[in-house]
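Enquirer: These are the residues of each chain, in order.
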Amino acid sequence: MVVLDTAQPPPRRRFSLNDPVIRGVVYQVLVGVLVALFLVWIVNNTAINLKAQNKTSGFDFLWKTAGFNISFSLFPFDRTSYYWEAFLVGLTNTILVAVIGIVFATILGFTIGIARLSSNYLISRLATVYVETIRNIPLLLQLFFWYFAVLKTMPAVRDSIALPFDSFVNQRGLFVPRPIFDNQFGLVGLALLVAAVAWFGIARWARLRLERTGQRFPVFLTGLGISVAVIAATWLLSGAAVTFDVPVLNRFNFKGGLELPPELVALVFGLSIYTASFIAETVRGGIQSVSHGQTEAAEALGLKDNDRLRLVIIPQAMRVIVPPLTSQYLNLTKNSSLGAAIGYPELVNVFTGTTLNQTGRAIEVIALTMLVYLILSLGTSALMNWYNSRVALVER
Amino acid sequence: MTDIAFVRSEMTAAQPAPRSNAGVAAWLRRNLFANATDTVLTILAVVFLLWIIPGLYGFLIGRAVPPGGTVEQCRVENVGACWAYVASEIEFFIYGFYPMAEYWRPNLVFALLALLGAPLLIPHAPLKVINAVLFFVVFPIASVVLLAGGMFGLRYVPTEQWGGLLVTLIISVVGISCALPIGILLALGRQSKLPVIKSLSVCFIELVRAVPLITVLFMASIMLPLFMPQGTTVDKLLRALVGVTLFASAYMAEVVRGGMQAIGRGQYEAAQALGLGYWRRMGLVVLPQALKHVIPGIVGTFISLFKDTSLVYIVGMKDLLEAVKTKNDAIEWAAPTQAVTGYIFAAAVFWIFCFSMSRYARFWERRLDTGHKR
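In the order they appear, the protein sequences are chains W and G.
If you read the first sequence in the working numbering, its first letter stands for residue 279, the second for the next number, and so on.
If you read the second sequence in the working numbering, its first letter stands for residue 26, the second for the next number, and so on.
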């Protein structure tokens with residue numbers, strides 16, 4: 279840090295390299311020119327190299343036929359689709375695995391983080407062993423373990439292992455029942471919306487009443503009661519029905535149900551278990567950061583156990599937990615790129631792998647891939663800054 | 026005065042703690058059976074342990090084939106871990122395709138690493154500066170000469186033949202040694218008041234931290250040859266090293282910045298008042314304090330870098346994970362538990378390194394903890 283003496287500008291400014299202002303400008307110009315020269319050198323080299331290899335550049339390849347298949351996609355994709363569709367498939371697959379992973383990692387991570395603080399000796403020791411084991415082993419190794427050593431050694435289709443709820447697991451992946459909603463089900467969805475609005479309204483009214491009169495109102499129970507009543511009534515009256523399409527073993531494979539490929543299952547498993555160990559540490563640190571005096575003060579005010587947690591401890595702990603938690607979510611999303619190593623068709627696999635190999639447009643493909651992650655990261659940090667400014671302690 | 030009947034003149038001896046508060050039974054009651062929920066949890070945990078410990082013991086030791094066993098022993102029904110497989114391939118896991126007659130060279134490098142690295146980690150070991158110069162300057166050059174050869178009568182061993190744990194260690198040690206100075210420069214740049222330097226540093230740090238390591242590695246392995254003048258060939262190991270170093274230096278920069286921000290403003294101002302110029306102010310006053318404070322953070326970065334080196338497998342490098350994965354597919358040891366055993370071995374190696382480093386970071390945290398916390 280060059281601290282410029284700008285408060286009192288010198289009366290006469292002669293050109294001298296000892297003048298911090300001038301020196302700062304000289305340094306910056308020097309660095310700027312060096313970086314610019316370096317970039318020009320790189321661009322020049324690249325142009326010469328591309329010419330020598332007879333390669334073209336540009337993003338026009340995105341509108342050409344891809345000509346390869348993708349083993350798993352959320353929307354139809356075949357050999358005749360375009361490269362930009364392959365890009366979209368990769369992107370949606372990345373987002374899919376990230377979202378599922380985040381849900382599981384959060385549940386598991388919070389459970390283990392709280393378990394580490396348990397007063398029960400065995401429980402806290404087990405949680406410690408989990409955290410210290412999992413986070414000291416590379417994620418890629420864990421993915422290989424789940425994929426090659428566990429899922430790939432599952433029995434063949436005809437000897438599938440049956441799991442509860444009509445689910446089956448075998449070499450080809452996990453087969454689960456798929457819910458089918460009939461046309462009337464839209465009404466139930468509407469009822470859900472109505473219940474949510476009612477709940478929100480009650481909560482707001484209760485808060486205003488609390489501020490006005492100091493009387494509390496059982497928001498949660500009332501809200502839950504109203505929701506259940508509204509939804510159940512709509513469901514029964516409209517005659518909506520949910521049926522499950524259950525996977526059934528045929529001669530060669532399962533028919534029906536939802537088929538989750540082993541790559542997806544292994545990736546979700548690995549990512550959730552790995553990230554959960556970091557989330558657990560975050561949660562533990564957050565809860566420990568709330569000083570014991572807060573608990574005692576809440577007790578002295580006569581708050582009940584769960585009021586103490588809900589109104590005093592958790593809000594303060596969350597302030598510490600949420601920022602690192604978000605960066606863990608971001609890490610999980612970035613780590614989902616390791617799916618490329620076990621053949622899950624996410625962005626890096628589909629795009630930086632197959633597409634790059636077929637088109638040879640290395641610079642464009644890698645730049646586009648990096649851009650996606652960059653946007654995800656910057657978006658998340660923008661959100662985080664907004665949250666931080668909202669919950670930050672208002673200090674004197 | 027005299028009608029006080031009794032005044033005790035000596036203290037009563039301390040009573041032992043009540044039975045309900047001392048001893049094993051009290052400990053059990055307090056830690057395992059404090060209330061109904063606790064009791065249920067304890068029972069569940071005990072059931073879980075009773076289920077998993079015999080299973081693990083049986084797999085890892087009881088039904089396992091010890092080193093020296095044959096592949097036929099590993100091919101029986103319901104066999105445990107096949108340690109014979111790991112033992113017979115251990116040299117490949119450590120050295121890769123490095124010529125067997127030259128194993129003394131990597132061994133010497135490992136020995137140097139331990140000899141020079143260990144005193145560097147001990148806080149009060151003497152000759153820190155000489156040690157650091159030896160470790161960060163002399164050791165890398167000596168290692169390259171030793172491992173690659175081609176001079177001083179040593180046989181030339183191309184990097185394609187290096188592999189296994191050797192490559193994992195090379196990438197992580199070189200990566201962290203190069204990332205530290207670059208990271209410090211980037212952190213200084215980010216704290217700088219000069220807008221051009223500041224924005225360049227911020228752009229680099231944020232860009233690299235936003236993308237996954239794989240894309241950086243892809244960039245290094247595919248685009249680096251394009252960036253170089255025509256006809257230059259960049260060694261594959263070197264490409265991976267460049268990628269890993271760039272990646273780690275961005276994270277290192279943030280760690281160092283954290284340390285610099287923790288230094289009070291008074292330190293900067295005092296250094297200025299002494300008339301020190303920028304580099305002396307940073308080099309003699311700010312950085313020594315900042316770096317000491319972030320030693321746990323630096324070790325943490327090293328741990329994640331060490332784990333992340335396994336990703337070079339994806340761009341076709343031969344590290345420990347690649348060695349294990351290759352041999353897991355080898356037909357001569359094909360057995361039901363071959364792959365699991367291989368991965369458990371690799372996991373154990375990584376775990377030992379990472380866990381001991383995290384203990385070391387914990388040790389520094391305690392040393393630096395001056396007790397000012399609430």
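By construction, these hints were calculated from the structure, which means they are not laboratory data.
Remember, it's a predicted structure, so these values are computed and weren't measured experimentally.
Fair warning: there could be bad hints in the mix.
Pairwise CB distance ranges (calculated) [stated by the list, open to error]: (1) Phe522/W / Val71/G: 29 to 39 Å; (2) Leu308/W / Gln286/G: 43 to 53 Å; (3) Val497/W / Thr62/G: 46 to 56 Å; (4) Val313/W / Gly300/G: 38 to 48 Å.
Okay, derived cross-link-like pairs now, EDC-like style, lysine to aspartate or glutamate, Cα gap no bigger than 20 Å in a straight line [stated by the list, open to error]: (5) Lys218/G / Glu537/W; (6) Lys261/G / Asp354/G; (7) Lys218/G / Glu279/G; (8) Lys430/W / Asp354/G; (9) Lys430/W / Glu102/G; (10) Lys317/G / Glu231/G; (11) Lys223/G / Glu279/G; (12) Lys317/G / Glu279/G; (13) Lys430/W / Asp394/G; (14) Lys533/W / Asp523/W; (15) Lys350/G / Glu116/G; (16) Lys430/W / Asp523/W.
Think of the CB as a built atom: it goes at the ideal place given N, C-alpha and C, for glycine as much as any other residue.
Enquirer: What's the verdict on Lys317/G and Glu231/G, does the C-alpha distance respect the 20 Å limit or exceed it?
Expert: Violated, at about 24 Å.
Enquirer: Can the suggested window of 38 to 48 Å be confirmed for the beta-carbon pair Val313/W and Gly300/G?
Expert: violated, 32 Å
Enquirer: Would you check the hint for Lys218/G and Glu279/G, treating anything up to 20 Å between C-alpha atoms as holding?
Expert: holds, 17 Å
Enquirer: If you draw a straight line from the CA of Lys430/W to the CA of Asp394/G, is it 20 Å or shorter?
Expert: Judged against 20 Å, a Cα distance of about 48 Å means the pair is violated.
Enquirer: Keeping to a limit of 20 Å between CA atoms, is the pair of Lys223/G and Glu279/G held or broken?
Expert: Satisfied, since the Cα-Cα distance of roughly 14 Å is no more than 20 Å.
Enquirer: Verify the proposed pairing of Lys317/G with Glu279/G, using a straight-line Cα cut of 20 Å.
Expert: The hint holds at about 15 Å.
Enquirer: Decide if the proposed pair is consistent with the structure: Lys430/W and Asp523/W, CA atoms, cutoff 20 Å inclusive.
Expert: violated, 26 Å
Enquirer: Need the status of pair Lys218/G, Glu537/W: alpha-carbon distance at most 20 Å?
Expert: With Cα atoms ~56 Å apart, Lys218/G and Glu537/W exceed 20 Å; violated.
Enquirer: Regarding the pair Lys261/G and Asp354/G, is the alpha-carbon distance no greater than 20 Å?
Expert: Violated, because 24 Å separates the two Cα atoms, which is more than 20 Å.
Enquirer: When you take the CB atoms of Phe522/W and Val71/G, is the distance between them in 29 to 39 Å?
Expert: holds, 37 Å
Enquirer: Take a quick look at whether Lys430/W and Asp354/G sit within 20 Å of each other, Cα to Cα.
Expert: This hinted pair holds, its Cα atoms lying about 13 Å apart.
Enquirer: Given the proposed pairing of Lys430/W with Glu102/G, does the C-alpha separation stay at or below 20 Å?
Expert: holds, 18 Å
Against the hints set out earlier in the document, violations occur for numbers 2, 3, 4, 5, 6, 10, 13 and 16.
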